[in-house]
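Novice: Listed below, chain by chain, are the residues.
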Amino acid sequence: MIADPGRPLARSLYLHIPFCDTRCPYCDFAIHIGGDHLHQPYVEAVIRELDWLADSRRPQLGLETVYLGGGTPGLLALPLLEQLLAAVEQRFGIAEGAEVTIEANPSGLTEELARSWLALGINRVSLGVQSLDDRALRWLGRNHDSATAEAALRAAAAAGLENLSCDLIYAIPEQPTSVFASGLRRLLSYQPPHVSCYELTVEPSTALARWVTSGRVLGPKEQDFVEQHRLARELLEEAGLLQYEVSNYARPGSESRHNLAYWQGRHYLAAGCGAHGFIDREAAEGLGFSLSPEDVGVRYWNLRNAATYIKQVTVRGHGRRGHEALDHEQRRLELLACGLRLRAGVELSEPRQLVEADRLAHLGLVTIAGNRVAATPRGIEVLDRVTLELAAS
Amino acid sequence: MVDASQGIEAQTLANVYKALELGLAILPVVNKIDLPQAEPELVREEIARVIGIPAERSILASARTGEGVDRILEAVVTALPAPVGDPEAPLRALIFDCKYDAYRGVVVYVRVMDGRLRSGTQIRMMASQGTFTVDEVGIFRPAMAAVEELTAGEVGYLIASIRNVRDSKVGDTITEVARPTKEPLPGYRQVSPMVWAGLFPVDGDDYQGLKEALDRLQLNDAALTFEPETSAALGFGFRCGFLGLLHMEIVQERLEREFQLNLITTAPSVAYQVTLRNGSSVEIDNPDQLPEVGMIETIAEPRVKLEIVVPREHLGGIMELCQERRGEFVQLEYQPPGERALLTYDLPLGEIIHDFYDQLKSRSRGYASMDYQLTGYRAEQLVKLDVLVAGNKVDALSIIVHRQQASNQGRKLVQRLREVIPRQLFEVAIQAAIGGKVIARETVPALRKDVIAKCYGGDISRKRKLLEKQREGKQRMKRVGSVEIPQEAFMAVLSLDR
Ligand code: SF4
Numbered sequence: 000m001i002a003d004p005g006r007p008l009a010r011s012l013y014l015h016i017p018f019c020d021t022r023c024p025y026c027d028f029a030i031h032i033g034g035d036h037l038h039q040p041y042v043e044a045v046i047r048e049l050d051w052l053a054d055s056r057r058p059q060l061g062l063e064t065v066y067l068g069g070g071t072p073g074l075l076a077l078p079l080l081e082q083l084l085a086a087v088e089q090r091f092g093i094a095e096g097a098e099v100t101i102e103a104n105p106s107g108l109t110e111e112l113a114r115s116w117l118a119l120g121i122n123r124v125s126l127g128v129q130s131l132d133d134r135a136l137r138w139l140g141r142n143h144d145s146a147t148a149e150a151a152l153r154a155a156a157a158a159g160l161e162n163l164s165c166d167l168i169y170a171i172p173e174q175p176t177s178v179f180a181s182g183l184r185r186l187l188s189y190q191p192p193h194v195s196c197y198e199l200t201v202e203p204s205t206a207l208a209r210w211v212t213s214g215r216v217l218g219p220k221e222q223d224f225v226e227q228h229r230l231a232r233e234l235l236e237e238a239g240l241l242q243y244e245v246s247n248y249a250r251p252g253s254e255s256r257h258n259l260a261y262w263q264g265r266h267y268l269a270a271g272c273g274a275h276g277f278i279d280r281e282a283a284e285g286l287g288f289s290l291s292p293e294d295v296g297v298r299y300w301n302l303r304n305a306a307t308y309i310k311q312v313t314v315r316g317h318g319r320r321g322h323e324a325l326d327h328e329q330r331r332l333e334l335l336a337c338g339l340r341l342r343a344g345v346e347l348s349e350p351r352q353l354v355e356a357d358r359l360a361h362l363g364l365v366t367i368a369g370n371r372v373a374a375t376p377r378g379i380e381v382l383d384r385v386t387l388e389l390a391a392s
Numbered sequence: 000m001v002d003a004s005q006g007i008e009a010q011t012l013a014n015v016y017k018a019l020e021l022g023l024a025i026l027p028v029v030n031k032i033d034l035p036q037a038e039p040e041l042v043r044e045e046i047a048r049v050i051g052i053p054a055e056r057s058i059l060a061s062a063r064t065g066e067g068v069d070r071i072l073e074a075v076v077t078a079l080p081a082p083v084g085d086p087e088a089p090l091r092a093l094i095f096d097c098k099y100d101a102y103r104g105v106v107v108y109v110r111v112m113d114g115r116l117r118s119g120t121q122i123r124m125m126a127s128q129g130t131f132t133v134d135e136v137g138i139f140r141p142a143m144a145a146v147e148e149l150t151a152g153e154v155g156y157l158i159a160s161i162r163n164v165r166d167s168k169v170g171d172t173i174t175e176v177a178r179p180t181k182e183p184l185p186g187y188r189q190v191s192p193m194v195w196a197g198l199f200p201v202d203g204d205d206y207q208g209l210k211e212a213l214d215r216l217q218l219n220d221a222a223l224t225f226e227p228e229t230s231a232a233l234g235f236g237f238r239c240g241f242l243g244l245l246h247m248e249i250v251q252e253r254l255e256r257e258f259q260l261n262l263i264t265t266a267p268s269v270a271y272q273v274t275l276r277n278g279s280s281v282e283i284d285n286p287d288q289l290p291e292v293g294m295i296e297t298i299a300e301p302r303v304k305l306e307i308v309v310p311r312e313h314l315g316g317i318m319e320l321c322q323e324r325r326g327e328f329v330q331l332e333y334q335p336p337g338e339r340a341l342l343t344y345d346l347p348l349g350e351i352i353h354d355f356y357d358q359l360k361s362r363s364r365g366y367a368s369m370d371y372q373l374t375g376y377r378a379e380q381l382v383k384l385d386v387l388v389a390g391n392k393v394d395a396l397s398i399i400v401h402r403q404q405a406s407n408q409g410r411k412l413v414q415r416l417r418e419v420i421p422r423q424l425f426e427v428a429i430q431a432a433i434g435g436k437v438i439a440r441e442t443v444p445a446l447r448k449d450v451i452a453k454c455y456g457g458d459i460s461r462k463r464k465l466l467e468k469q470r471e472g473k474q475r476m477k478r479v480g481s482v483e484i485p486q487e488a489f490m491a492v493l494s495l496d497r
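From first to last, the protein sequence lines stand for chains X and P.
Heads up, the first sequence is in numbering that gives the first Met the number 0, so the first residue is 0 and it goes up one at a time.
Heads up, the second sequence is in numbering that gives the first Met the number 0, so the first residue is 0 and it goes up one at a time.
Derived from the structure by calculation, the hints contain no laboratory data.
Bear in mind the structure is a predicted one, so any value in this text is a computation, not a measurement.
Virtual Cβ for every residue (Gly too), placed ideally from N, Cα, C.
Treat the hints loosely; a few may be bogus.
Chain P is faced by these chain X residues, among others (derived, beta-carbon under 7 angstroms) [claimed, not checked]:
id: 1; residue: Y13
id: 2; residue: T200
id: 3; residue: E221
id: 4; residue: V225
id: 5; residue: E226
id: 6; residue: H275
id: 7; residue: E323
id: 8; residue: E333
id: 9; residue: A336
id: 10; residue: V381
id: 11; residue: D383
id: 12; residue: L387
Work out the full structure: start from the sequences and follow the hints.
Specialist: Written out as structure tokens, the structure is:
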């Protein structure tokens, strides 16, 4: 059994802001293109949903992390952001020293904007750099070039924004590993304390998926994945950013606490279209979910379409599309799958799993210290299989 | 019964000859006359020429539309001889089938040859010796319908609170306890299996369930035999004997569908007669049981007389197939002259139990048909081909092949296995070996990448569901040593093209 760190309270909140200027061809997130007139009603709907969430009649200790994800929440006008954060503060309280993150794209990120965000209490920016190679950026269909990205990096630094994270995509077809490497080196010259580095995935029913199936473009190659993942790890760790999770690297102390909450199996509230939340049994009952005795928590998710979401919230107070009650066994599986993604690994106590872990250790895929099992760099490359082996034993 | 679009097939012909030998009346029916490509008149003429029954006596029918069914029923009454038998003689009834009903016990299907059967009759099964009191008799119309009495010449069922399926053996004779007959009916000739395969539950806990299911199937499938078998790779299971591949597939399918068993079936094998240096001999139906090479004097394999009916334009391809399968040409006739070929080959049975039938169909665009009969055994240069996965011999993958084909077969087999064994966390060598000497080798490269780096805004459910699904898939594989081998790998030898 893995100790359950989820109790007693959800100390994290995810807010989804779906707006984007254009849709990147590889993106399958819940987003909404254009529609500036929707910003105001949307923010109001999210605030109404917060009322519903706050209704769980739990003592509120204040949020440790708030994450504005998207979409591109950086597109929201300052007054709307202010209104939203005030609503969060009022209903849940934001703890002293909390991590408050906003996702933003390089276009439009000025020093002034960064300062305003800081003034609103937003102390962390996750910047969608994706690449510093113009060819690759065009291939990805991003609406910025490398100069814009670098200007944004300089603006953030000038504004005194210390807690900066940069997203980077690798295994982009047609981008040679050497070009990826020089882009990453350039990025590192700005000394970001946190980098999220994930491979390009071809998600079903995206434009990219259609292009790949029709042969118009090549899909990502396994070879590139392995090479560039290794290289990224090497360069990032050399620069002092440790791979604390499969796709996240940080200087010690600069890890994203919000992200960690996901992987450590903690509870988190969520509002906004397409958002996913995870609440414990007590909170779920407070919100009116009906549970059977063996359920230990509830995962819920919201409608993906922004307009439909607004409508439903107006009528029902929440934008929920579905939920799933977790029993002990499902919870256990999640804690295993998520925990293995972390550098720290997971505690195992089932003898059969430990025997299996020993076999995996002999293959050089995990290390074992006491009952704690963590993936090695090679193990991370095949982590889903490693997890399966442990889960099935 | 002849298909109006296909003409007479080899098996029909073989059965007609058998029926003629036994002096039975024959009533030809040309079926499927509703098909657009049907040629009923041509088929009628063919029946007249080949079998000698005047064309107008063949009834044209379509089971699908029901056309002609009345004429068939009428002809059964007028053209076939009425049953003979004496209702006053001591009871003699033949068990020709039975089924198990959870509430009423065994329902015995009988044909009454002499005497009478009614509820209250005390009966004895002459071979199995059980005695019972009949609760109900009835006929099929086609659902079971109770009647007062079944008398000589009638076919129906009886129910007698028979709980154990073994008490009602197909082919046994039922008589009356009070007035027994002296002579049981000849019953059925015991058909013996020609093909054997191992059946293993994927989940070892299903062993008992598999045993009970096989017991149940054997009830009305006298040709099915089974004995416990232990495999180092697959654990506890049963070595089952079948009449042929089709029979094997039906049994396998019923076990999986009706009894919800998840099974691994090993590649089918024939029985070999092995003469040892010390003069004794053994018969083996499992390649893994083959004694040490040093002890063996000769290995003899069963051979069959194979008859194939094939349209002449496909004759070449079919002869080639027989040749590839170590067939020896016996004769070629055209029936009727110049049209369809009746081809006879003498060929090892082991060569047709693999994908011969599929090949026959594909090389004749579905038109060729075949029938075979066991003729005897012949010593050949046979060797056992072993398969090693990650250095460990997998007993369930061993096959017996002709020496001349061994290296070719070995190479194909390891190639096929490389395709069906999924990549593992480490490189897996697959080797084919004869008597410890490796003759072919392939490797399944280690899995290089299997991780989704991206996670979308806290959607952990998706991740867990995927994992749950994969875990289910994994449970359908068998771990041999440390390698996960999927079910189909054990049948890989069946789909080797040569
Ligand atoms: S900016 Fe981000 S969320 Fe918006 S379309 Fe592109 S990838 Fe999707």
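Novice: Taking the hints in turn, state whether each one holds.
Specialist: To see whether the hints hold, each was checked on the structure:
About 6 angstroms separates the beta-carbon of Y13 (chain X) from the nearest beta-carbon of chain P, less than 7 angstroms, and the hint is met. Given hint, T200 (chain X) at the interface with chain P, holds; its Cβ is 6 angstroms from that chain's nearest Cβ, closer than 7 angstroms. Taken as an interface hint, E221 (chain X) checks out: its beta carbon lies about 5 angstroms from the nearest beta carbon of chain P, inside 7 angstroms. Of the supplied interface hints, the one on V225 (chain X) holds, with its beta-carbon coming within about 5 angstroms of a beta-carbon of chain P, less than 7 angstroms.
The interface hint given for E226 (chain X) is violated, since its Cβ lies 10 angstroms from the closest Cβ of chain P, which is over the 7 angstroms cut-off. For H275 (chain X), the interface hint holds, the least distance from its beta-carbon to any beta-carbon of chain P being 4 angstroms, beneath 7 angstroms. The restraint placing E323 (chain X) at the interface with chain P holds, with a minimum CB-CB distance near 6 angstroms, inside the 7 angstroms limit. A distance limit of 7 angstroms between C-beta atoms decides the matter here; for E333 (chain X) the minimum to chain P is near 5 angstroms, and the interface restraint holds.
The beta carbon of A336 (chain X) comes within 6 angstroms of a beta carbon in chain P, closer than 7 angstroms, and the hint placing it at the interface holds. Below 7 angstroms, beta-carbon pairs count as interface contacts, and V381 (chain X) has one with chain P at about 4 angstroms; its hint therefore holds. Taking 7 angstroms as the C-beta contact cut-off toward chain P, the hint placing D383 (chain X) at the interface holds, the least distance being around 5 angstroms. With a least beta-carbon distance of about 5 angstroms to chain P, the hint placing L387 (chain X) at the interface is held under the 7 angstroms criterion.
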